[in-house]
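Novice: Sequence:
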Amino acid sequence: MSEGAALHALHVLHEWAPAAHWRAIDFVADLHLAAEHPRTLCAFGEYLQGTQADHVVLLGDVFEVWVGDDGRELAFEHSLLTLLAEAARARRLFFMPGNRDFLVGASLLAELGITALPDPCCLHAAGRRWLLAHGDAQCLGDEPYQRYRTQVRSPGWQQAFLARPLAERIALARAMREESMRVQRERSAAKPGMESVVDLDAAACRALLAACGAREMIHGHTHRPAVHDLGEGLRRHVLSDWDLDDAKAPRAELLRLLPDGNLHRLTPQAACVAAASGAGTSAGAAAGTGTA
Numbered sequence: 032m033s034e035g036a037a038l039h040a041l042h043v044l045h046e047w048a049p050a051a052h053w054r055a056i057d058f059v060a061d062l063h064l065a066a067e068h069p070r071t072l073c074a075f076g077e078y079l080q081g082t083q084a085d086h087v088v089l090l091g092d093v094f095e096v097w098v099g100d101d102g103r104e105l106a107f108e109h110s111l112l113t114l115l116a117e118a119a120r121a122r123r124l125f126f127m128p129g130n131r132d133f134l135v136g137a138s139l140l141a142e143l144g145i146t147a148l149p150d151p152c153c154l155h156a157a158g159r160r161w162l163l164a165h166g167d168a169q170c171l172g173d174e175p176y177q178r179y180r181t182q183v184r185s186p187g188w189q190q191a192f193l194a195r196p197l198a199e200r201i202a203l204a205r206a207m208r209e210e211s212m213r214v215q216r217e218r219s220a221a222k223p224g225m226e227s228v229v230d231l232d233a234a235a236c237r238a239l240l241a242a243c244g245a246r247e248m249i250h251g252h253t254h255r256p257a258v259h260d261l262g263e264g265l266r267r268h269v270l271s272d273w274d275l276d277d278a279k280a281p282r283a284e285l286l287r288l289l290p291d292g293n294l295h296r297l298t299p300q301a302a303c304v305a306a307a308s309g310a311g312t313s314a315g316a317a318a319g320t321g322t323a
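Just so we're aligned: the sequence shown equals residues 32 to 323 in our numbering.
Some hints here could point you the wrong way.
Label-pair distances were calculated between CB atoms; the ranges are [what the hints assert, rightly or not]: (1) Q189 x Q80: 29 to 35 angstroms; (2) N293 x F107: 34 to 40 angstroms; (3) V304 x A202: 25 to 31 angstroms.
No wet-lab data here; the hints were simulated from the structure.
Every residue gets a Cβ at the ideal spot worked out from N, C-alpha and C, and that includes glycine.
Throw the hints in and build the complete structure from the sequences for me.
Specialist: Structure follows, in structure tokens:
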């Protein structure tokens, strides 16, 4: 086991369980919602209003960018927060930070009626444990990103960043995003045909699964929906990103966990009509299997 994987095993994982007599838990990630993506936002709003699940777990990158809770009154941010608050009144809503929205504050989530989840955490449901994560912390092969992640997750950096004027933070976030896209383009050009996003470290995932006492991991971040065999009966399920504004490759999927312990991969539309007692395609059959 690598040093990084060993450190992951030291996590004391937060544990939680759904409400009694739950019917379905939906897992969604990587919506990257922004004013420039109106179709995606519309689909998400319709999904939140109509899903047959009584629990919805957002596993990071709900927002394309979040530069601080004082931006909540900006037009787009205000409309999205209103949408989330309405959904939280209809069903239990959970939020785990991603690499785009880790600055969403716990007090804001509480005000909206949303339960905050740490990354990673352990869900007790269907008689089993499930490891939940955004996924970026396990991409150990991307050392420059891990250094950046350590920096921006530190209290000192966040305090200094949030002390800047809002307009300056918005401009800085845009510049950081453009730099990230430039790096990804360079990686793709250097290795044609290779994925520009470094995948999750298999040993780190196995270590976290052991810490959770789980055999299944659910995460987002990579935008590569699939089921990966980690060996010895361990698997990780990767969530789809959502982008219905991409005319060439529109996409939006979620995973639904049912009380029988089965996972189903559904479109947002199917999630609104599928009976919570069982519908959709099993996650393994829909996505296929592969190695991490």
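Novice: Which of the listed hints are not met by the structure?
Specialist: Going through the list in order, the structure violates hint 3 alone and respects the others.
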